[in-house]
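Quick mapping for you: the protein sequence lines, in order, are chains E and S. 1 is the number of the first residue of the first sequence in our numbering; add one for each residue after it. 1001 is the number of the first residue of the second sequence in our numbering; add one for each residue after it.
Mixed in with the good hints there might be a few duds.
[Stated by the list, open to error] Computed footprint of chain S on chain E, listed as stretches where at least three residues anywhere in the stretch have a Cβ under 8 Å from a Cβ of chain S:
id	stretch
1	70 to 77
2	101 to 114
3	144 to 156
4	191 to 198
Derived by calculation from the structure, the hints in this document are not laboratory data. Only a predicted model underlies this, so the values are computations on that prediction, with no experimental measurement involved. No residue lacks a Cβ here, since even glycine has one placed at the ideal position from N, Cα and C.
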Amino acid sequence: MARLGMVIDLRRCIGCNACTLACKQENGTPEDIHYARVITREVGTYPATKRTFLPVLCNHCEDAPCAQACPSGATWIREDGIVMVDRNKCIGCRACAVACPYMNRHFIERGLLENGYSTDGLSPYEAVKFTEFEEGTMTKCTLCAHRVDAGLQPACVITCPTDARIFGDWDDPQGKLQKLVDERGGWSLLPECKTKPKVYYLDE
Amino acid sequence: MTTQSIAIAKHRFGFGYYRQVYWNWLIGSAFFLGGIGGATFLLSLITAFRPGMILGYLVVVVGKNTAHLTFLGRPERFWRAAMRPDRSWIARGIWATGLFAVSGFVCLLPQGRLAGWAIPAVILSAAHVVAMVSAFFIMFYDGFVMNSSPAIAFWHSKMLPLLILMYASLGGTTISLTLRELASNDDPAVLSQAEHVLLVVNFLLLAGYLARMSRWTPAARETVRLLLRGPYARVFLGLVVAVGLLATLLLSIVQQNVVGAPWLVILIALCELTGDFALVMVLLKSGLFSPQSPPSWETTRRS
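Make a model of the complete structure from these sequences and hints.
Below is the structure:
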């Protein structure tokens, strides 16, 4: 059994949002739904200012509050630790979205799948990809489970031009994740929520 | 790094607190109606006041459930919400509401007869017990639904279910009083005293809740700021505190010395229920998700 997760090296991240776009392209998510995004902050006072970046995605928590809150059993956790949503069981109560401290649950509003990014209806690409979504239900990052099952890495990982994202298995003693965290002292987001995230960060 | 206060982020790519935008006025209405309906039914069942039982039953079974169903993204699958009572407070609430619908209906049958069939006394007694327990559960379980979210610090307090329960009790008491005043000549002295006590207790509880939250996490403190000095201050201080608690208390004291003033009774009920609904709404609207930040950014948080 594996515990799939990710380490994100903030020293390497340049805030290019390539991960955001790669995710959008791979998953074909509707407008305004981003499984991966980069939180940007400006710090300091002019002229001594700088921008800092924090790429975020679903943390695939071991104690996932979204799964706890889901009343229908639509949210479930695979054996390899990936948190999934079964859209056929989802009732659209949004309890998971309220429970997720990382705001990585997304609700597909009514009408959202009728129009794509252009004003002329769906593009051929959207017409194919949007069949994987259902209005009135929740959707979320699957850590590109379809790619992982095929022996590939998530789209955001392979696209990152600076190799800031490292994907792997936390239970693999020879793996990179635990080694990197041991060497550089990784941390996770909002530890006070006690969700045991499987996405860790390395300092800038 | 200079110390900067943290604002509310305008979008998900920005840094800051994030507003709770998932649960809207429909959920607020469902929580509100469940609280006052359950309490009205329970109080009326205990005091054998049939009009109150009917109203409380309809408010829960029709009002609360309609609001919930309208809110759901896939209402046709509502039954699935009952699948995980072992871990979800929503699922437990669905079970309680279902049990209440059945047992409450049995309690409301005239002379315990259904289409000419006399329901055995054992079943009637059991229905009374189930209806009382489920109505009580419906009064406060919404507090646990909100409280179980670790994401919104302002809700993640053990005091919240108690606050919700006490507000539901107040709403139920007010409705029962109003119905009794309008529909019968019963002397509601005990209920009237209970309303006064509940108004004072709720005021103290609300103040205690805010005091507790103002020493809680930065996100909880920011919500307290929004409620007392920010964009929700008018609703919170004006409707929840001034109208819902203070005006209700003053008017109900005045009403004790005025005979035959149904308009005053209705005005008291409107004030109290306005404050009750406004509280649920500001609780929902002012909930904030904490900023996501590396430890190195933490030094810039509002202290």
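**Request:** Please write out, lowest number first, the hints stated earlier that are contradicted by the structure.
**Result:** Failing hint: just 3.
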